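Peer 1: Now for the letters of each chain:
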Amino acid sequence: MSSGAEHDELFSAMPASGSADAAAPAGGNMWKVLLVDDEADVHAVLRLTLQDVQIEGGRLALLDAFSATEAASLLAAQTDIALVLLDVVMESDRAGLDLVRQIREQLANRSVQIVLITGQPGYAPQRDVVSGYEINGYWIKSEMNAERLFVAVCSAIRTYRLIREQASLQAALREKVDELDNTLRTLRESEATFIRAQSVAHVGSWTYDMTKDEMRLSAETCRIYGLPEGTIGQRHTYLERVCLDDRGGLEEAWQAALDAGRPFKHEHRIQVGKTLRHVRLQADVICDASGKPLRCVGTTQDITERKLAEEELRVSNAELEQFSYAISHDLRQPLRMISSYLQLLGMSLADQLDAERREYFDFAIDGAKRLDRMLVALLEYSRVGRLGEPPAWVDSRAILNEALLFLQPAIAEAEARVKVSGRWPRVFVRPDEMLRLFQNLVGNATKFRVAGRNPEIGVTSTVTAAEWRLTITDNGIGIRPGQVGRLFQVFQRLQSRAAFEGSGVGLALCRKIVEHHGGRIWAESAGEGQGSRFCVALPLVREGA
Amino acid sequence: MKPLAPRLRLLIVEDEPGDSRLLQFAIVRNGFAADVREACDGYEALRYLRKESPHWAAEARPDLILLDLKMPGQSGLDFLAAIKQDESLRKIPVVVVTTSLLEADVRAAYQLGAAGYVQKPADLREFIAAVRILCEYWFQLVCLPPRSDD
Numbered sequence: 001m002s003s004g005a006e007h008d009e010l011f012s013a014m015p016a017s018g019s020a021d022a023a024a025p026a027g028g029n030m031w032k033v034l035l036v037d038d039e040a041d042v043h044a045v046l047r048l049t050l051q052d053v054q055i056e057g058g059r060l061a062l063l064d065a066f067s068a069t070e071a072a073s074l075l076a077a078q079t080d081i082a083l084v085l086l087d088v089v090m091e092s093d094r095a096g097l098d099l100v101r102q103i104r105e106q107l108a109n110r111s112v113q114i115v116l117i118t119g120q121p122g123y124a125p126q127r128d129v130v131s132g133y134e135i136n137g138y139w140i141k142s143e144m145n146a147e148r149l150f151v152a153v154c155s156a157i158r159t160y161r162l163i164r165e166q167a168s169l170q171a172a173l174r175e176k177v178d179e180l181d182n183t184l185r186t187l188r189e190s191e192a193t194f195i196r197a198q199s200v201a202h203v204g205s206w207t208y209d210m211t212k213d214e215m216r217l218s219a220e221t222c223r224i225y226g227l228p229e230g231t232i233g234q235r236h237t238y239l240e241r242v243c244l245d246d247r248g249g250l251e252e253a254w255q256a257a258l259d260a261g262r263p264f265k266h267e268h269r270i271q272v273g274k275t276l277r278h279v280r281l282q283a284d285v286i287c288d289a290s291g292k293p294l295r296c297v298g299t300t301q302d303i304t305e306r307k308l309a310e311e312e313l314r315v316s317n318a319e320l321e322q323f324s325y326a327i328s329h330d331l332r333q334p335l336r337m338i339s340s341y342l343q344l345l346g347m348s349l350a351d352q353l354d355a356e357r358r359e360y361f362d363f364a365i366d367g368a369k370r371l372d373r374m375l376v377a378l379l380e381y382s383r384v385g386r387l388g389e390p391p392a393w394v395d396s397r398a399i400l401n402e403a404l405l406f407l408q409p410a411i412a413e414a415e416a417r418v419k420v421s422g423r424w425p426r427v428f429v430r431p432d433e434m435l436r437l438f439q440n441l442v443g444n445a446t447k448f449r450v451a452g453r454n455p456e457i458g459v460t461s462t463v464t465a466a467e468w469r470l471t472i473t474d475n476g477i478g479i480r481p482g483q484v485g486r487l488f489q490v491f492q493r494l495q496s497r498a499a500f501e502g503s504g505v506g507l508a509l510c511r512k513i514v515e516h517h518g519g520r521i522w523a524e525s526a527g528e529g530q531g532s533r534f535c536v537a538l539p540l541v542r543e544g545a
Numbered sequence: 001m002k003p004l005a006p007r008l009r010l011l012i013v014e015d016e017p018g019d020s021r022l023l024q025f026a027i028v029r030n031g032f033a034a035d036v037r038e039a040c041d042g043y044e045a046l047r048y049l050r051k052e053s054p055h056w057a058a059e060a061r062p063d064l065i066l067l068d069l070k071m072p073g074q075s076g077l078d079f080l081a082a083i084k085q086d087e088s089l090r091k092i093p094v095v096v097v098t099t100s101l102l103e104a105d106v107r108a109a110y111q112l113g114a115a116g117y118v119q120k121p122a123d124l125r126e127f128i129a130a131v132r133i134l135c136e137y138w139f140q141l142v143c144l145p146p147r148s149d150d
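Chains as they are written, first to last, in our numbering: chain V, 1 to 545; chain B, 1 to 150.
Since the hints were made in silico from the structure, they are not lab data. There may be inaccurate statements among the hints.
[To be verified] These stretches of chain B come out as covered by chain V in the derived footprint (C-beta under 8 Å, 3 or more residues):
| hint | region |
| --- | --- |
| 1 | 50 to 62 |
| 2 | 74 to 82 |
[Claimed, not checked] Here are a few chain V residues that face chain B, going by a calculated C-beta distance under 7 Å:
| hint | residue |
| --- | --- |
| 3 | Gln322 |
| 4 | His329 |
| 5 | Arg336 |
| 6 | Ser339 |
| 7 | Arg370 |
| 8 | Glu415 |
| 9 | Lys419 |
Here the structure is a predicted model, which is why all the values come from computation and not from measurement. Think of the CB as a built atom: it goes at the ideal place given N, C-alpha and C, for glycine as much as any other residue.
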């Protein structure tokens with residue numbers, strides 16, 4: 001439907017090049033250009049004009065369609081067509097324009113460049129078409145020549161290329177955004193877990209940027225400090241909440257850590273509103289290459305509960321001490337009145353008392369005195385682990401020797417033989433309590449002897465990887481089966497007072513001493529009159545550890 | 001029975017009348033004679049020593065104070081601290097005579113300037129023996145140098 005004149009115009013401007021076989025090299029970049037016109041001549045002219053064109057690093061791959069319908073199906077099948085050179089009047093007067101709509105709307109192809117080339121501008125006035133349809137160029141065939149066509153094709157291809165590049169950039173960007181979204185979500189989940197963990201453990205974290213004097217606090221740190229979540233403050237935001245008494249110490253420790261570039265710990269109290277909290281701060285200093293401190297990262301743990309528990313323990317220990325004192329004095333004082341005045345009464349009635357009444361007095365006085373001894377023993381028992389010497393490194397054999405020295409009179413009196421054997425390590429114990437333990441165990445072995453049999457006492461020390469084991473054996477009265485359990489309880493005596501005098505706390509005291517040292521004590525015996533074996537196992541602390 | 005030693009002026013600071021009586025019984029029992037004054041706690045003892053009442057004005061200063069530790073009102077240790085800070089009273093020897101066998105009490109008493117510490121035995125005979133040793137030492141010490149009533 002185009003006039004011959006238009007063709008002439010184009011033909012006249014064509015470069016006289018015969019390189020029709022100059023196809024794009026295999027694998028090279030080819031720009032697909034679709035020629036849509038119902039006249040085969042036009043196809044031929046366009047092909048001739050465009051066949052050698054090289055643009056944006058690629059040649060053109062020319063496709064032909066002779067109707068709008070054919071063009072539509074080609075475009076639907078091949079989405080990488082860069083440019084459509086489109087006639088307007090084909091099957092219908094508006095076939096080309098309808099195809100533009102179809103490409104942009106049905107096929108949703110917004111990247112392909114569409115240049116209208118029309119022979120009858122009357123059917124599609126330039127201004128209306130350019131403004132009403134999404135096209136990228138408009139030419140009237142009669143005004144077209146080879147140069148203009150080349151320019152139009154070049155600029156369209158370039159635009160197409162830019163659009164495609166942008167699209168692929170956008171796709172890549174979207175992919176990155178999705179990736180980032182996923183990472184963020186994971187991060188947010190793990191942060192939520194972290195925040196929960198912080199709140200469960202009452203541990204908050206923070207970072208302090210020294211260059212900006214900026215302190216960032218985690219949610220739990222904010223909670224501990226009674227600050228709104230997400231607070232970003234300065235160092236003084238933190239410091240001004242620290243109790244005045246503790247502030248100097250903290251600043252000093254902090255400064256020392258900064259100077260040395262080393263981690264530091266500090267426990268202090270903070271004032272949050274009206275409540276006082278105990279916190280434990282642990283932080284590390286991050287320095288630049290030259291060793292200049294840049295940042296601190298740290299944790300702040302709310303140890304109020306622990307501190308309160310410690311305080312409670314201290315109070316209850318103090319109460320216990322008070323109680324011990326009450327036993328030692330308040331109870332013993334009136335008891336002493338009873339026994340002393342009974343004795344005084346007995347003395348003043350001396351010549352008026354017959355043997356029986358004298359015995360009544362003696363029973364009463366003896367009972368009061370025994371009660372006094374029990375009170376003293378109980379006082380001693382309640383003091384294990386609380387008062388006395390602190391743990392120290394000592395030679396275990398030296399302590400045993402000291403105990404044997406104390407027991408020498410009893411040992412001599414019983415004509416006992418004491419045999420000491422084994423390896424005696426240096427141990428980390430409370431020396432006075434360990435001495436008491438030896439004294440009681442060896443003393444018992446001396447005391448609970450069978451009449452007419454000289455005590456044979458063995459004291460053995462063995463050392464294993466983790467334990468220090470003591471064994472005290474004797475050939476004494478032994479323990480009746482079933483009685484071993486009662487042995488280590490306060491005021492449980494298995495023997496009559498008439499046969500063996502004692503306070504009734506000796507072995508209970510031993511058990512308490514051993515348990516305070518983290519160990520175990522037990523007794524073994526083949527039965528009455530068969531001798532006994534007392535064993536103590538204490539954890540071995542490595543020296544210097 | 002040994003010859004009567006010179007009379008010692010003694011202040012017993014003790015809240016329990018029974019305890020104070022027992023102490024005086026033991027002194028007499030051992031053949032010593034003392035002019036005894038009693039105060040039921042540290043405050044009363046200090047008031048007496050500082051002659052804060054007219055009818056104490058003529059009283060001579062005691063040669064020795066026997067002091068209980070646990071008393072209502074001012075405790076023995078507080079009294080000890082107070083008397084050792086008083087220039088006019090600090091030279092009077094104070095011997096603690098108490099039921100308490102807590103090392104902390106013994107330590108505190110000596111640190112505050114006690115001249116001795118006697119833990120009262122529950123057995124009367126032992127108690128009498130302890131008081132005898134106490135008396136023998138202090139009666140002799142107080143009486144050897146010529147007495148001066150500063």
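Peer 1: Hints first: check each against the structure and report whether it holds.
Peer 2: Hint check results:
no. : hint     : verdict
1   : 50 to 62 : violated (count 0)
2   : 74 to 82 : violated (count 0)
3   : Gln322   : violated (12 Å)
4   : His329   : holds (5 Å)
5   : Arg336   : holds (5 Å)
6   : Ser339   : holds (5 Å)
7   : Arg370   : violated (10 Å)
8   : Glu415   : violated (29 Å)
9   : Lys419   : violated (35 Å)
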